[in-house]
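Enquirer: Put together the whole structure using the sequences plus the hints.
Residue numbers for the sequence shown, in the numbering used here: 129 to 322.
I should point out that these hints are in silico values taken from the structure, not numbers from a laboratory. Model, not experiment: these values are computed from the prediction. Idealized CB from N, CA, C, for every residue including glycine. Mixed in with the good hints there might be a few duds.
Claimed, not checked - Simulated restraints, written as ranges between beta carbons of each label pair:
(1) S249 x A300: 25 to 33 Å
(2) D286 x C219: 18 to 26 Å
(3) T302 x D266: 23 to 31 Å
(4) D215 x N178: 13 to 21 Å
(5) T302 x D216: 15 to 23 Å
(6) G240 x D215: 27 to 35 Å
(7) W218 x R175: 34 to 42 Å
(8) T292 x R237: 35 to 43 Å
(9) R168 x G210: 18 to 26 Å
(10) R236 x D216: 31 to 39 Å
(11) R237 x A155: 35 to 43 Å
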Amino acid sequence: MRRDDDVVAAAVLLDVSKVLGGLLGLARPKLGARTEQVTRLVRQVARALNLDRTWEFEVAARLSQIGWLTLPTETHEAAWRGEQVPDDQWCAVASHPLVARDLLSDVRRLDGVREMIARQSEPYAIDGEGAPPPGRRDRLVVGGQILRVCTDFVALLDRGVTTTDALARLEAETREYDPQVVAAVARAAIDTAP
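Expert: Right, dumping it as structure tokens:
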């Protein structure tokens, strides 16, 4: 019976994340549209990497951007475009993943999702040598990397960078991005190209 409860809970959490994603789109249409692009890509990448409980990655993607709602639209848009953000707002920009995690702190069964969201700004190789430290293939760390790679890829495309150039930029930053995740994004981008 416990397994059935988990399936029902996962379905409910996925549906609730869709509602929250819709509300995000109503509050900030551009942010909502980008979040949906990221969510579709995250779903494809999680499946391509044969990860279990893919619903968690999808929910994390859909909720990963809600921290931006605490910032003025102009600040969010400037940061998304890769523009310089005023020093007095930079801390808030950098902490949007933690804000999103904290906003979700009372939602039961989202512990893994919250951790993925909190890790979405972490570099892949935190040791500075271009390789992850031991244990970096942890599911929650991988979830954070999937969010990061997919979000940054979509942001590059939004800035007018071609798919090929966006992928090349991500592939070149081996300290920042997990090469396996970047490769999965590349496969997904090729599969969905018109």
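Enquirer: Of the hints stated earlier, which fail here?
Expert: 1, 3, 4, 5, 11
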